[in-house]
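Trainee: Okay, here's what each chain looks like letter by letter:
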Amino acid sequence: MIIKADPTKLRKIPWTAYAARFGFGGAVTVLAGLVGAAYGPGVGGIFLAFPSISTASLTLIQKHDGRGAVGVDAFGAALGSISLLGFAAVVWAAAPHWPGWVTLMSAMIVWLILCFGLWLASRWIRHRGHRTRKSIRTA
Amino acid sequence: MIAMEPYKEHVFLSDRAGDGRMIGTFLLRFVLGGIIVLAFAALSDILRPKSFSGLFGAAPSVALATLGLAFATKGGTDASLDGRSMLAGAVALGAYSLMVMRLVWRDRWNALPATGVTTLLWLLVAFGLWLFAFR
Numbered sequence: 001m002i003i004k005a006d007p008t009k010l011r012k013i014p015w016t017a018y019a020a021r022f023g024f025g026g027a028v029t030v031l032a033g034l035v036g037a038a039y040g041p042g043v044g045g046i047f048l049a050f051p052s053i054s055t056a057s058l059t060l061i062q063k064h065d066g067r068g069a070v071g072v073d074a075f076g077a078a079l080g081s082i083s084l085l086g087f088a089a090v091v092w093a094a095a096p097h098w099p100g101w102v103t104l105m106s107a108m109i110v111w112l113i114l115c116f117g118l119w120l121a122s123r124w125i126r127h128r129g130h131r132t133r134k135s136i137r138t139a
Numbered sequence: 001m002i003a004m005e006p007y008k009e010h011v012f013l014s015d016r017a018g019d020g021r022m023i024g025t026f027l028l029r030f031v032l033g034g035i036i037v038l039a040f041a042a043l044s045d046i047l048r049p050k051s052f053s054g055l056f057g058a059a060p061s062v063a064l065a066t067l068g069l070a071f072a073t074k075g076g077t078d079a080s081l082d083g084r085s086m087l088a089g090a091v092a093l094g095a096y097s098l099m100v101m102r103l104v105w106r107d108r109w110n111a112l113p114a115t116g117v118t119t120l121l122w123l124l125v126a127f128g129l130w131l132f133a134f135r
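Chains P and F supply the protein sequences, listed in that same order. So for the first sequence, our numbering puts the first residue at 1; every next one is plus one. So for the second sequence, our numbering puts the first residue at 1; every next one is plus one.
What the hints contain is simulated information worked out from the structure, not anything from laboratory work. It cannot be assumed that every hint is accurate.
Said to hold, decoys possible - Here are the computed lysine-lysine pairs in the DSS-like style, where the Cα-Cα straight-line distance is at most 25 Å: (1) P:K63 / P:K12; (2) F:K50 / P:K63; (3) P:K4 / P:K63; (4) F:K50 / P:K9; (5) F:K50 / P:K12; (6) P:K4 / F:K50; (7) P:K9 / P:K63.
Generate coordinates for the entire structure from the input sequences, incorporating the hints supplied.
Mentor: Spelled out as structure tokens, the structure:
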């Protein structure tokens, strides 16, 4: 299992894509604020899990890496949504009692741990499935 | 038809409706949200394998910007309510991602129409779940 970072990839992305992501992210955040201001934080909070990054990125991923990569990326986002449940649960439980920065930091740590854990678990399950199929074929 | 009560602290109904501070707050929201989404999307671009970088597609980008401001301006109780409703949004995000996966892999859709149509599913699941379980 190796996680790699290749910052040179950023140079291949056109500035229009950066502008679109910035604009889309900003617009969704403003929308969440407007809905929250109009109907209260209960309704506005729903938009905190709006698929802003996925929607802004998947078209670009298809252009650069093909349709297969879009599905893989969406699978990662599905796992990430479980981690997001952890983030939201920490905010829900801790926000009234802890300072804001402690709450957000704790929620981010929980999100990261869940991300790594779920990703490792998904790899293990996939690897185990391959091994089982292989042993059935050779038996 | 379910009618939603206007929020009592509605910024547009308040006496400060014309206040430049409101525009300033939304401008700050826009810039903060844009920067955080951009940062997580960039992380997703540079990291490999794709199944791992995809996790950043569900990063709490809008949440960090909004909750940071909620803590600063309204306090922990409102932020907590935001977090509670976010649970519904997160479940909907899972449904969204799985549906995009299916449309792209099985039904051979392109990313743009797949994400467009699936955003409607996100809205439906998020608001449906919120109405029945988190309201």
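Trainee: If you draw a straight line from the CA of F:K50 to the CA of P:K63, is it 25 Å or shorter?
Mentor: 15 Å, holds
Trainee: For a C-alpha distance cap of 25 Å, please report whether P:K63 and P:K12 respect it.
Mentor: Status holds; Cα separation ~12 Å.
Trainee: Measure nothing beyond the straight line between the CA atoms of P:K4 and F:K50; if it is 25 Å or shorter, mark the hint as holding.
Mentor: 10 Å, holds
Trainee: Are P:K4 and P:K63 close enough, with their CA atoms no more than 25 Å apart?
Mentor: Holds, at about 21 Å.
Trainee: Between P:K9 and P:K63, does the CA-CA distance stay at or below 25 Å?
Mentor: Roughly 13 Å separates the two Cα atoms, so the pair holds.
Trainee: For a C-alpha distance cap of 25 Å, please report whether F:K50 and P:K12 respect it.
Mentor: 17 Å, holds
Trainee: Are the Cα atoms of F:K50 and P:K9 separated by 25 Å or less?
Mentor: 13 Å, holds
The structure fails none of the hints (numbered hints given earlier).
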